[in-house]
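Q: If you want the building blocks of each chain, they are given just below.
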Amino acid sequence: MYVSSPGVFKFRSEGNGITHIGLYGINAIPDITKIKQNKIAIWGDSCSEAWQVDDNKKMSQILTKLCAANDIDLIAFNIGLSGNNTTDYYFSIPKIEHFAPSIKKHYILLTALKDTLPDPDNAYRSVFLSDPEYRLAKTNWKPKFIKRKAILEQFKLGFVWNLTSSISQLSPRFKPGISTQNNKISSPEKQYNYQVAWNFLLNKLKEQTDNPIAFVYCPLIPIIKNNQIQYKDENKNRIALFKEICATHNVEFIDMTGYFINEFKKTNKFPRGFCNTKIDKGHFNETGHRLIAEAILNHIN
Amino acid sequence: MLFTQIEFFIFFIILIILLAISRQKNDQKIILVFASYYFYAYWDYRFLSLIMLTTITDYMVGLCLKSQNIIFYRRILLCISLFINLSILCFFKYYNFFIESLSGIFNLLNLSPGTLDLILPLGISFYTFKSISYSIDVFNKKIEPCTSFLDYALFVSFFPPLLAGPIVRASHLLPQLKTKIKITQNNILQGLRLFIFGLFLKVFIADRLGLFVDIFFENPNVFDSITTWIAVLSYSTQIYFDFAGYSSMAIGTAKMIGYDIEINFDFPYLSKSIVEFWRRWHISLSFWIRDYVYIPLGGNKLGKSRTYINLLVAMTICGLWHGAAWTFVFWGFYHGVLLMFNRIYSKTHKERPSSHQTNFTIFFNWLITITGVVIGWVFFRVDNLSYALVIIKKMFIPSPGIAWSHPFAIFIIISTLFFHIFVYFKKNRTEVLPLHAKHTIAALFCMAWLIIVFHPKGFHPFIYFQF
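Chains A and B are the protein sequences, given in the same order.
Numbered according to our numbering, the first sequence spans residues 191 to 491.
Numbered according to our numbering, the second sequence spans residues 862 to 1328.
If you're looking for bench data, these hints aren't it; they were derived computationally from the structure.
Treat the numbers as computed from the prediction; the structure is a model and nothing was measured.
Watch out, some of these pointers could steer you wrong.
Partner residues aside, some chain A positions facing chain B, computed with beta carbon under 7 Å [as the list claims (entries may be wrong)]:
| no. | residue |
| --- | --- |
| 1 | Leu271 |
| 2 | Pro362 |
| 3 | Pro366 |
| 4 | Ile368 |
| 5 | Gln420 |
Over 10 Å on every C-beta distance to chain A, these chain B residues come out as not near it, computed from the model [stated by the list, open to error]:
| no. | residue |
| --- | --- |
| 6 | Tyr906 |
| 7 | Lys954 |
| 8 | Ile1076 |
| 9 | Glu1137 |
| 10 | Val1190 |
| 11 | Ile1253 |
| 12 | Ala1264 |
| 13 | Val1284 |
The beta carbon of each residue, even a glycine, is placed where N, CA and C say it ideally should be.
With the hints as extra help, turn the sequences into a complete structure.
A: Structural data, given as structure tokens:
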């Protein structure tokens, strides 16, 4: 199981956040094993990792405060790593339940439908395969750089790593070329039997824990597109199917679409995006984290 | 090949070494010509043929003009040069534009000439104008025709200003080609200073502003008035730094080789009139338009009405030169109108020399000028005129919408303003970064570091490459 190294991490290139990473890559909690209270785990990729906002603005911290304010004895924690997909949670849930007992529920942030589909184009640590049959497998992803990077960061030389990493990615061309037009041809979408794939995935997830699981679907809308605010979710039909399949497996489903749109119409604030990158896209900002925390609290209640 | 690519640094180091060890002047020129052709071919070797065609045509025309004194035949020779150069330029740059613009008329005539899938050759507007200016100057006997094909080939293809200017005049560069190149420490340092500064303006400032500006101009309807102002001022800063940055790199590169190219920007945003603006912005182009379009049309010698028409025509052509789109044409026409009004105002109000003007007058004149220029940039940037009207309306009538105060954009706008105030009150502008001052070394080092840290991972073309 790959986790971020403990320490203080300042992130400035999107948003502006300071994250205190504790053991097992859990933000804002130095040692989760020492907390005996009932817990909620919020799984996700970089959206759950949430480097873009300070710890006290992350959804887990807000949810913990809301639970305390509502006399609910629960502590929430985020467990996320950039590039995670649902298969990673399959392998990690038993390990976290071992390190952090008294987990009462798992919430899985679903920010992209592709994280639940087989044969992804880019899978890092584990992958959902369909050939010859549906299965979940770990990859051989063992980047050599992890140890080197960790050593450099220990001596506050992380920038040297960034520099050498950028240089190593250079592939200079010296041969005179032919300019080409920018005619992007998108690759055709892979076709799946979504029902079969999702049934398989949810069955496997349920095998890993006795605790209830809930998906928190976070659509990309509202978004600025074609010179207007777009409220239509292009994944609406597929998400409806996914929600139905979740119900058959007793997996709960929270749809953030209404929360995001209503908040935007009331305050003109997007749940994603930051003023120093794109105002409507990217990772969750303070508004997004707050809305997700409130939605989970409503769900608990 | 771009100045921002690692390949360019390797190419340039090899070039400097070869020039330094070459003993003969002609050997150096051959190396430079081949290097320039390689520089261009790196992008697309097929279009080298166009540069060669331009070179051969105008070299031959120049030689023929040298031996021809009959005005009728001299005019024919000049027409040949203009026809070939402008045909190439118009075909690649404006064919599709005219077909689309005249589609209504074609439909009425039951004609359907289709558009072509053309690639716009990089730098075509720049080297074509460079070569045309040579032919016209030789025709007018302002310069002697170049008798060395090697010199002329180098003049046309000289790589630092090849892709995006400055538009170098033959009278300035050809005499320099007669002397042997000397790679000196002073030239290297002076050139490097200009190059690093230009690269900093492009990579650290212009490219990063572009990320914010692009999103705004694709979606102007959704943002509020304050965001609109920030975006428009950001674009005004982006285009200035992108283009001035490229010019600085081109001039710096030429300097390191040992050639001097005239400056192309002289703090245009300090201008107190639109006339002054065009003496400071893209100086090589504005002087080209003046010398080869405005003055041949009669300039201001044929009466008031004709002067105004000449201004409008010259500036509309200037706008059209920038791109095959009605927004550019409108932008050029708009500046023509501003120049016209400036002329009318100057004739009716005798202005005191600036040394006798009050600070308020100077500030007011500056504010009017900069506002006019900034509004013009809106037309320059948008994809269609309806977007321009939306943006200008939001600039002057408070409108609600999404608020986006991009911190980097605001920082750059304020810093640029303060830098210009500093430069305005400093007596000698060339001493902002004196060569041997300690603060220059520190400033250049900081710029170099920021360039490395923020070096673009993707391809960010110079804005003026599209022209």
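Q: If a hint holds in the structure, say so; if it does not, say that too.
A: We went through each hint and held it up to the structure:
no., hint, in the structure
1, Leu271, "violated, 22 Å"
2, Pro362, "holds, 5 Å"
3, Pro366, "holds, 4 Å"
4, Ile368, "holds, 5 Å"
5, Gln420, "violated, 10 Å"
6, Tyr906, "violated, 4 Å"
7, Lys954, "holds, 15 Å"
8, Ile1076, "violated, 6 Å"
9, Glu1137, "holds, 36 Å"
10, Val1190, "holds, 23 Å"
11, Ile1253, "holds, 16 Å"
12, Ala1264, "violated, 7 Å"
13, Val1284, "holds, 28 Å"
Hint check: violations occur at hints 1, 5, 6, 8 and 12; the rest are consistent with the structure.
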